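Q: The chain contents come next:
Protein chains: 2
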Amino acid sequence: MKKDVSQVVVRRMPRYYRYLGQLLEDNVERISSERLSEIMNVTASQIRQDFNNFGCFGQQGYGYNVKFLRDEIGKVLGLDKTHNMIIIGSGNLGRALASHGAFHKQGFIVTAMFDIDKKLSGTKINDIEIRSMDELEGFIKKNRVDIAAITVPAEVAQELADRLVSLGVKALWNFAQLDLEVDSDVIVQNVLLSDSLMRLSLNMTRKRVLDDND
Amino acid sequence: MKKDVSQVVVRRMPRYYRYLGQLLEDNVERISSERLSEIMNVTASQIRQDFNNFGCFGQQGYGYNVKFLRDEIGKVLGLDKTHNMIIIGSGNLGRALASHGAFHKQGFIVTAMFDIDKKLSGTKINDIEIRSMDELEGFIKKNRVDIAAITVPAEVAQELADRLVSLGVKALWNFAQLDLEVDSDVIVQNVLLSDSLMRLSLNMTRKRVLDDND
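From first to last, the protein sequence lines stand for chains A and S.
Just so you know, we're using the numbering used here here: the first sequence kicks off at 1 and counts up by one.
Just so you know, we're using the numbering used here here: the second sequence kicks off at 215 and counts up by one.
Source of the hints: derived by calculation from the structure; they are not laboratory data.
Be careful, since some hints might not be right.
As the list claims (entries may be wrong) - Straight-line distance between alpha carbons at most 27 Å, and here's what the computed BS3-like set of lysine-lysine pairs gives:
{"#": "1", "chain 1": "A", "residue 1": "K119", "chain 2": "S", "residue 2": "K338"}
{"#": "2", "chain 1": "A", "residue 1": "K81", "chain 2": "A", "residue 2": "K141"}
{"#": "3", "chain 1": "S", "residue 1": "K421", "chain 2": "A", "residue 2": "K67"}
Claimed, not checked - Below, a sample of chain S positions facing chain A; criterion: calculated Cβ distance under 10 Å:
{"#": "4", "residue": "V222"}
{"#": "5", "residue": "S251"}
{"#": "6", "residue": "M254"}
{"#": "7", "residue": "S259"}
{"#": "8", "residue": "V290"}
{"#": "9", "residue": "G308"}
{"#": "10", "residue": "R309"}
{"#": "11", "residue": "A310"}
{"#": "12", "residue": "H314"}
{"#": "13", "residue": "F317"}
{"#": "14", "residue": "S346"}
{"#": "15", "residue": "Q391"}
{"#": "16", "residue": "T419"}
{"#": "17", "residue": "R420"}
Note that the structure is a prediction, hence the values are computed from the model and not measured.
All residues carry an ideal CB built from backbone N, CA and C; glycine is no exception.
Given these sequences and hints, build the entire structure.
A: See below:
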């Protein structure tokens with residue numbers, strides 16, 4: 001296995017998983033990389049290269065077995081295991097994550113939420129209890145926590161990340177609008193809404209410029 | 215101006231904007247690409263290449279003027295104009311977007327929310343009125359809408375996108391877990407939470423494999 005799979009390839013893998021799931025639902029049993037390429041609007045050679053990073057999923061000339069391929073990509077994505085996740089911050093974003101049905105189906109189990117506002121302690125969102133931040137240390141010591149989702153304001157996010165990492169949490173799903181600084185053995189995945197909106201706006205602006213030049 | 219700026223470069227631009235904003239707050243007036251490279255953990259040549267896609271922002275030997283550079287990147291990002299945005303779906307995610315203070319500061323003005331649940335009509339979130347879906351056509355005809363944020367369930371998202379596009383909306387910020395099919399003159403920016411969580415999980419799984427092989 002190569003060590004240096006680029007994050008560009010990583011970005012594409014969930015999309016394959018999604019499309020293969022749709023094919024399975026449509027009772028498609030086998031698919032050629034050419035056909036998959038048409039559906040997904042990626043070149044067939046790109047698909048083969050992407051998969052080659054993770055092993056061999058298909059048979060030359062016979063196409064891919066959709067269920068096998070999806071299961072293998074699922075393993076690459078770590079979906080053959082369950083992940084326990086806590087959510088820090090029970091604002092609208094934290095609530096949206098706690099209420100998101102798809103995560104549970106994919107083995108991401110939200111085991112607790114935490115909020116600075118003690119008045120919320122003991123209340124539940126989607127059957128998940130909100131706890132006080134004072135309980136964070138105790139909870140993480142007693143329960144396996146694989147992922148912590150950070151939905152607190154940017155000003156307190158680094159401090160929170162340090163606290164989580166010192167408690168042994170190795171994966172942070174960060175929604176706070178900053179780049180967290182963590183040890184190299186901690187994995188951070190960002191969902192930065194402002195950055196995303198600016199990318200949309202950049203693409204709109206460029207399109208306008210390109211249209212004007214046409 | 216080159217036509218083919220890759221989305222990898224596009225992804226990086228908001229991050230430059232964010233870091234330069236921080237430098238401005240810290241009263242830094244000039245910065246070399248080498249120093250910027252240290253702070254941002256990107257090579258200096260990468261920075262110069264990225265900026266070259268959009269024009270010339272700096273002076274050899276003198277470094278970059280931070281304010282000028284930030285303003286220029288702001289223009290690339292389209293932040294020198296305001297964008298009117300509507301949000302479709304007033305669930306937790308829609309509410310999170312409506313309550314996000316940073317968007318307004320960057321010129322993204324949420325002008326209305328829409329929801330299928332008529333009982334919510336007339337209520338407000340962060341001073342933004344929730345309207346019935348029946349009002350969508352009338353609203354878009356009367357008001358400039360630059361961006362529509364889609365926070366409805368995936369099953370109805372394509373239909374909604376078609377409706378928005380037929381009304382002339384040219385930019386969709388899509389939170390529904392699917393790839394929307396739209397005309398090539400419509401810009402779609404996705405925030406797919408499940409995909410993001412799977413990427414985190416993939417990186418966790420690979421790290422485990424790499425650690426085991428070390």
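Q: Can the hint on F317 (chain S) be confirmed by a CB-to-CB distance to chain A that is less than 10 Å?
A: holds (6 Å)
Q: Checking hints one by one. Is R309 (chain S) an interface residue toward chain A, by the C-beta closer than 10 Å rule?
A: Hint on R309 (chain S): holds, closest Cβ of chain A at ~4 Å, below 10 Å.
Q: Regarding the hint that Q391 (chain S) lies at the interface with chain A, is the smallest CB-CB distance below 10 Å?
A: holds (6 Å)
Q: Are S251 (chain S) and chain A close enough, Cβ to Cβ, to be under 10 Å, as the hint says?
A: Since the shortest Cβ distance to chain A is 14 Å, the answer is violated.
Q: Any CB of chain A closer than 10 Å to the CB of S346 (chain S)?
A: violated (21 Å)
Q: Mind checking the CB of A310 (chain S) against every CB in chain A and telling me if the closest is under 10 Å?
A: holds (4 Å)
Q: Can the restraint linking K421 (chain S) and K67 (chain A) be considered satisfied, given a maximum Cα separation of 27 Å?
A: holds (26 Å)
Q: Closer than 10 Å between Cβ atoms is the bar; does M254 (chain S) clear it against chain A? Give me holds or violated.
A: holds (8 Å)
Q: Should the hint that V222 (chain S) touches chain A count as held when the rule is a Cβ pair under 10 Å?
A: holds (7 Å)
Q: Between the alpha carbons of K81 (chain A) and K141 (chain A), is the straight-line distance 27 Å or under?
A: Answer holds: K81 (chain A) to K141 (chain A) is near 21 Å, not above 27 Å.
Q: Return the status of the interface hint for R420 (chain S): holds when the least beta-carbon distance to chain A is below 10 Å, violated otherwise.
A: holds (7 Å)
Q: Tell me if the straight-line CA distance from K119 (chain A) to K338 (chain S) falls inside 27 Å.
A: holds (24 Å)
In summary, the structure is inconsistent with hints 5, 7 and 14 from the numbered list given earlier, while agreeing with the others.
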